[in-house]
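Colleague: Sequence:
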Amino acid sequence: EQWLELRWGVREQLRQGPPAPRRPQHQLLPNPYPVPTEKRRATLRWEVRWDLAHGLLPRCS
Numbered sequence: 001e002q003w004l005e006l007r008w009g010v011r012e013q014l015r016q017g018p019p020a021p022r023r024p025q026h027q028l029l030p031n032p033y034p035v036p037t038e039k040r041r042a043t044l045r046w047e048v049r050w051d052l053a054h055g056l057l058p059r060c061s
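Going by full-length UniProt numbering, 55 is the number at position 55 of the sequence shown; the sequence numbering is gapless.
No lab work stands behind these hints, which were simulated from the structure alone. As the structure is a computational prediction, the values presented were derived from the model and not from experiment. Worth double-checking, as some hints may not be accurate.
[To be verified] Cβ pair distances, simulated, as ranges:
(1) His54 with Tyr33: 26 to 32 Å
(2) Val35 with Glu12: 49 to 55 Å
(3) Leu28 with Glu5: 42 to 48 Å
(4) Gln25 with Trp50: 45 to 51 Å
Glycine is no exception: its CB is placed at the ideal position from the N, C-alpha and C atoms.
Please model the complete structure; the sequences and the hints are all you need to start from.
Modeller: Here's what the structure looks like:
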C-alpha cells in the first residue's frame, strides 16, 4: 500500500506541474519512388538487353 500511495503522490505532482513542451511536427515529404507497376517494364527490359548486346552499360533512368 505504501508504494501505491507514493505512486499516486507522484502522479498528482506531475499533474500539477507545468505541461510538457510540445515537440515540433515532422514535415511530410512526397516519396519520389515510382511504384514498380507504374514503370514501363517491357521497355526497360528491352533497353537493358539492347545495351548489353551492344557491349554498353545499361542507361540509368
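Colleague: Evaluate each hint against the coordinates.
Modeller: Hint by hint, here is what the structure shows:
1. In this structure, histidine 54 and tyrosine 33 meet the distance hint of 26 to 32 Å, their C-beta atoms being roughly 29 Å apart.
2. In this structure, valine 35 and glutamate 12 meet the distance hint of 49 to 55 Å, their C-beta atoms being roughly 52 Å apart.
3. Distance hint for leucine 28 and glutamate 5: a CB-CB separation of about 45 Å, consistent with the stated range 42 to 48 Å.
4. About 48 Å separates the C-beta atoms of glutamine 25 and tryptophan 50, a value consistent with the hinted range of 45 to 51 Å.
Going down the numbered hints, you'll see the structure goes against none, and every one checks out.
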